[in-house]
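Let the sequences and hints guide you as you build the complete structure.
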Amino acid sequence: METLINFLPSIIIIIIMFAVTLLIALYSTYGERKVAAFLQDRIGPNRAGPWGLLQPFADGVKMFTKEEIIPVSANKFLFILGPSIAMVCCLMTGVVLPWGGELTLFGRTFYLQAVDLSIGVLYVFAVVSVSVYGIMIGGWASNNKWSLMGAIRGSSQIISYELSMGLSIVALVLMTGTLSFREIVNQQHGGILHWNFLMQPLSFLIFLICAFAECNRSPFDLPECETELVGGFHTEYSSMKLGFYLFSEYINMFISSAVISALFFGGFNFPGMDWLLETTHSQNIVTLVGVGAYFIKIFFFIFFFMWVRWTIPRFRYDQLMNLGWKSLIPLALFNLAAMAVIEMVKHQHLFGF
Amino acid sequence: MQTSFTNRKQVLEQKEMNIWERMYLPAIVKGMAITISHFFRKPATIRYPEQKRTVSEAYRGLHILKRDDVGAERCTACGLCALACPAEAITMEAAERKPGEENLYREEKYASKYEINMLRCIFCGFCEEACPKAAIFLEEDFAVANYSRDTFIYGKDKLVEKPKHGTKAFDVVKVGRERELN
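Taken in order, these protein sequences are the chains called G and F. Here the first sequence stands for residues 1 to 353, numbered as in our numbering. Here the second sequence stands for residues 1 to 182, numbered as in our numbering.
Note that these hints are calculated values from the structure, not bench results. By construction, the Cβ of each residue, glycine as well, lies at the ideal position given by its N, Cα and C atoms. One thing to keep in mind: the hints can contain errors.
[As the list claims (entries may be wrong)] A few chain F positions that, by computed beta-carbon distances, are all more than 10 Å from chain G:
id, residue
1, Lys-52
2, Ser-56
3, Glu-57
4, Met-92
5, Lys-109
6, Val-173
[What the hints assert, rightly or not] Straight-line Cα separation of at most 20 Å, SDA-like style, residue types lysine to any residue; simulated pairs:
id, chain 1, residue 1, chain 2, residue 2
7, F, Lys-52, G, Pro-45
8, F, Lys-42, G, Trp-51
9, G, Lys-326, F, Ile-19
10, F, Lys-113, F, Ala-82
Rendered as structure tokens:
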């Protein structure tokens, strides 16, 4: 019984997080269309509900009620497995993210985080790299050359960019000395100057570029590039299985934004945090404002993802590979070496051991 | 090397990009500044069914058969519009005005039937130009949509201008409509 009560906050947080993630992904589709419209001097969806606010639900109903087609030559089991993996993996990543600080309710104090894994950053990387199987399996099982080419592009792109993503994070971990998200966020406490994007601008830049590639977002949306590959890996998909693929892309975007905000933009820290704690003497208020601040950062990055998508054209395949292997990885290695030297000098290990 | 016969040929200059250009980032930042400036611009959209684009006075939309000041139809069924029509969309039948109908038809001859096939019409406005009595005009209404083809043949009920209140034609049309309803 006691263990159940100890787990209860985590379970509640997981359920809330699940719902919030899905809701945000739902409204990201609406946001994407609105942002695209505004950037192109249009007004976007405005028919379903006020300002088109019910548009995502209309799209959802459409997706669910469409005819579901599985090609005769497709491998049926893998065909269904593909979107399932994509969806499950992107929902799993949010578990380790710290949504807020301490909260005291009913005489209990707990963190607004489902699980505080000591290897949280590694966990996110592991799950994200599994999610490429969703694309690969889906593309292969479709038994269609366009799907297969999209899948191959997707997997090669993600493998190439995961390397430099990992290296940029290693540099960050070198500085923070921990892989736990909570620790990394707590270390950024105390004003904007302590946020990691100022300490590690190069890491931030590389991580941001790789996050775009990991999410298969433009300008790295080669796996589903319509102009060359019909629809890429999801050419043969219809109905809600297609919906899962599209949905997982938006969830990935949300999670990437959350990871970027946590690692480089101080997570739930906000300027004036200590002042608010001194004036209100309530950790709960500070925590809730912190959650708000975190979500504002996340929404900004979601907007940034969309902004970039409607600005920059897609890379050619060779340009993509050149950028990944010839620019980003050397840059990340240089960054890592430089960080190592700086850390050594900082801790007097270079000459004083 | 083959000589060019026009002066349009230009040799493209392909310089090596310098390090600043090869980083892409300045160009990307510039591009993003351009797109975000559009974000705050007024959208060019006209929300169509609620708002309509204002058209010029010379716009050629759907036809209207005009009445004169006392509300009498101007058309005398001379057939010049049908003759001028390159799409052969106009047909009409003439009839003679009876005594007592002076307020309904201006001349002794009038069109008892006047039909324009809107699927044939190309909205060129030649009928308007041909009309000696200033009876037919192309106005600004333009959205013709329906489910069946026969509804696109517009008769006098749709073409003739609605009579003004207080004219004889107004009363006649009103009586006729009431008779139809009863």
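Status of each hint after checking the structure:
| no. | hint | verdict |
| --- | --- | --- |
| 1 | Lys-52 | holds (16 Å) |
| 2 | Ser-56 | holds (24 Å) |
| 3 | Glu-57 | holds (28 Å) |
| 4 | Met-92 | holds (43 Å) |
| 5 | Lys-109 | holds (51 Å) |
| 6 | Val-173 | holds (38 Å) |
| 7 | Lys-52/F x Pro-45/G | holds (18 Å) |
| 8 | Lys-42/F x Trp-51/G | holds (16 Å) |
| 9 | Lys-326/G x Ile-19/F | holds (14 Å) |
| 10 | Lys-113/F x Ala-82/F | holds (13 Å) |
This entry satisfies every hint, going by the numbered hints stated previously.
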